[in-house]
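Line by line, the protein sequences give chains S and W.
Using my numbering, you'd call the opening residue of the first sequence number 1 and step up by one each time.
Using my numbering, you'd call the opening residue of the second sequence number 1 and step up by one each time.
Source of the hints: derived by calculation from the structure; they are not laboratory data.
Be aware that a few hints might be false.
Listed below are several chain S residues computed to face chain W (Cβ distance under 8 Å; list not exhaustive) [to be verified]:
| hint | residue |
| --- | --- |
| 1 | Glu13 |
| 2 | Ile16 |
| 3 | Leu22 |
| 4 | Gln26 |
| 5 | Ser29 |
| 6 | Ser85 |
| 7 | Arg89 |
| 8 | Asp122 |
| 9 | Cys124 |
Just the calculated beta-carbon pair ranges, DEER-fashion [to be verified]:
| hint | chain 1 | residue 1 | chain 2 | residue 2 | range |
| --- | --- | --- | --- | --- | --- |
| 10 | W | His227 | S | Lys69 | 40 to 50 Å |
| 11 | W | Thr306 | S | Lys18 | 22 to 32 Å |
| 12 | W | Gly291 | S | Leu32 | 25 to 35 Å |
| 13 | W | Thr293 | S | Val33 | 19 to 29 Å |
| 14 | S | Lys69 | W | Arg375 | 30 to 40 Å |
| 15 | W | Lys239 | S | Lys18 | 28 to 38 Å |
| 16 | S | Arg89 | W | Lys325 | 47 to 57 Å |
| 17 | W | Thr242 | S | Arg70 | 43 to 53 Å |
| 18 | W | Asp324 | S | Asn2 | 52 to 62 Å |
| 19 | S | Lys69 | W | Lys239 | 53 to 63 Å |
| 20 | W | Lys239 | S | Lys77 | 53 to 63 Å |
Here are the simulated DSS-like pairs of lysine-lysine, each with C-alpha atoms no more than 27 Å apart in a straight line [to be verified]:
| hint | chain 1 | residue 1 | chain 2 | residue 2 |
| --- | --- | --- | --- | --- |
| 21 | W | Lys155 | S | Lys61 |
| 22 | W | Lys155 | W | Lys142 |
| 23 | S | Lys110 | W | Lys251 |
| 24 | W | Lys155 | S | Lys110 |
Backbone N, C-alpha and C fix where the C-beta goes; we use that ideal spot for every residue, glycine too.
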Amino acid sequence: MNFTGMILLVDDEPHIRKYVSLILKQLGSPRLVEAANGEEAIAVYQRENPDLVLLDVNMPKMDGIETLKRLKELDPKCVVIMLTSLANRETIVQALELGAANYIRKDTPKEEIAQALSSTIDACFDLS
Amino acid sequence: MVTPPTSAPIQLAGRKILIVDDDRLNLRILGGILKGEGYVLAEADSGERALELYATFRPELVLLDVMMPGIDGFETCRRLKRDYGDKCAPVIFITAKNESDDVVEGLGAGGVDYLPKPFKPKEVLARLRSHMQNQILSEQQKLLVEQLSKADAAKNRFLGMAAHDLRNPLASIRGLAEFLREGAVGPLNPDQIELIETIHAASQSMLEMVNELLDVATIESGELKLHLEPCNLGELTAKCVTLINMEAAKKKTHVAYELPAPPVTLVIDAAKMKQVIDNLLSNAVKYSPPGSTITAIVQAGATPGTCHILVRDQGPGIPEGERDKLFKDFSRLSIKPTGGENSTGLGLAICRKIVEAHRGTIVAENLPSRGCEFRVTLPANP
Chain S
1 MNFTGMILLV DDEPHIRKYV SLILKQLGSP RLVEAANGEE AIAVYQRENP
51 DLVLLDVNMP KMDGIETLKR LKELDPKCVV IMLTSLANRE TIVQALELGA
101 ANYIRKDTPK EEIAQALSST IDACFDLS
Chain W
1 MVTPPTSAPI QLAGRKILIV DDDRLNLRIL GGILKGEGYV LAEADSGERA
51 LELYATFRPE LVLLDVMMPG IDGFETCRRL KRDYGDKCAP VIFITAKNES
101 DDVVEGLGAG GVDYLPKPFK PKEVLARLRS HMQNQILSEQ QKLLVEQLSK
151 ADAAKNRFLG MAAHDLRNPL ASIRGLAEFL REGAVGPLNP DQIELIETIH
201 AASQSMLEMV NELLDVATIE SGELKLHLEP CNLGELTAKC VTLINMEAAK
251 KKTHVAYELP APPVTLVIDA AKMKQVIDNL LSNAVKYSPP GSTITAIVQA
301 GATPGTCHIL VRDQGPGIPE GERDKLFKDF SRLSIKPTGG ENSTGLGLAI
351 CRKIVEAHRG TIVAENLPSR GCEFRVTLPA NP
């Protein structure tokens, strides 16, 4: 991965945050901040001003779609890639319409997630 | 919750009967016979009046005279059937004795029975009782089927949700085990590696089972949608064989394939069909003894445009009397995988559902020497 900016990883599941952060580390991206829910994500975004947000779709209370809306209100230029499990077409379409840059499935084998993260992130920043 | 029909005696009192006859005397006689049983009665003296009354009274049974001025009994019955369809109450015709043409036409118009005149009270009551009971039973059955299909849909939703929620943590466990195994967080000694390998293998096989549960839930809830496109079936099969040979090598078995010349191209959902072929091949590997050969064959069918996929193994075959269980949900045969592999008993059920969604068939037969053959037949245009 050529991208070296700061990433905000948002997921309510600690094991997913651990897992994805290990993958990102292996891809050579050391600048990572995390949030465990939508509200925390907004706060961390305002404080850290990351270059990219990896945002879980399914979260209790404020879900990924709602969080995406708030982030876009806050900063229309923020780059958000959705994290989904079994591709839920409707939610993905909704997220893309709301301005998400792309989506990545997190329930595929590790190598596939790494490949998807690297190519999708680089493509978002024209680094590939 | 599903409540089975009660076994208490069926209560006939209060059931509603519409009597239609232009002859006042007949109305009075029938009314007198039926009142004793506790039925609630309404009377109409013509077909037209009967149609009006039916709409408001909503009887559970109609006694209908054949010969009436205006629209006759047959026509009245046809209109009732037309207007109310399956929900129409059973119609019993009232006919004079020995008019067998009337009986035939009456049954043809949708009647369920006939009452001959002059009326014999005991016969009238017995016939009505039996029709009422049939009707009540069929209502209960409909209700039960409705409840059962709701429960089944709920089960599928639950399966889907449970499987969804299990998938993510399992994928994480598998991935995190891989990080450990690779030494991403420091070197491990051989004992630690062995434990990690076990965790990895267990999470992997659980993931496969959860995926099968999800497949079943998706298929059963009617969400199975085929994405049809032309596909070279031989090429697809060859890919599956290459992949499965890595598994097969671990058990010292080998998978060979025979492809048709010229190649066969069918319009199918390639990803779903790959799942079917993968499943048949992995079953063959699971149940084959070491050193055996499994053969996958793609051949054109006898009917132009159709195609067969055959998978032959040299395993124990299908035990006598267990063939019916093969393609059913959650059913496992008495034979066991030769390498202690897992099975949900869903794989072949999923295969059957996918093949049938392509309007194809899947059958299994034991081979004369040993082993068995699974045969998928796909039509030209699914």
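Supplied contact hint for aspartate 122 of chain S, tested at 8 Å Cβ to chain W: Interface hint status for aspartate 122 of chain S: violated (21 Å vs cutoff 8 Å).
Report holds or violated for the interface hint on glutamine 26 of chain S, using the least CB-CB distance to chain W and a cut-off of 8 Å. 7 Å, holds
Does 30 to 40 Å hold as the CB distance between lysine 69 of chain S and arginine 375 of chain W, or does it fail? Violated - the Cβ-Cβ distance for lysine 69 of chain S and arginine 375 of chain W, about 53 Å, lies outside 30 to 40 Å.
For the range 53 to 63 Å, tell me whether the beta carbons of lysine 69 of chain S and lysine 239 of chain W fit it or not. 42 Å, violated
Would the hint linking lysine 155 of chain W and lysine 61 of chain S be met if the CA-CA limit is 27 Å? Holds - the C-alpha atoms of lysine 61 of chain S and lysine 155 of chain W are around 26 Å apart, at most 27 Å.
Measuring from beta carbon to beta carbon, are threonine 293 of chain W and valine 33 of chain S in 19 to 29 Å? 56 Å, violated
Chain W contact restraint for cysteine 124 of chain S - C-beta distance below 8 Å: 23 Å, violated
Cβ separation of lysine 239 of chain W and lysine 18 of chain S, checked against the hinted range 28 to 38 Å: Since the Cβ atoms of lysine 239 of chain W and lysine 18 of chain S sit about 34 Å apart, the hinted range of 28 to 38 Å holds.
So does glycine 291 of chain W sit 25 to 35 Å from leucine 32 of chain S, Cβ to Cβ? 51 Å, violated
Status of the hint placing glutamate 13 of chain S at chain W (closest C-beta pair under 8 Å): Interface hint status for glutamate 13 of chain S: holds (7 Å vs cutoff 8 Å).
Okay, histidine 227 of chain W versus lysine 69 of chain S on CB: inside 40 to 50 Å? The hint (40 to 50 Å, Cβ to Cβ) is violated, given that histidine 227 of chain W and lysine 69 of chain S are roughly 31 Å apart.
Does the nearest C-beta of chain W fall within a distance shorter than 8 Å of the C-beta of serine 29 of chain S? 15 Å, violated
Violated hints, in rising order: 5, 7, 8, 9, 10, 11, 12, 13, 14, 16, 19, 20, 24; the structure is consistent with all others.
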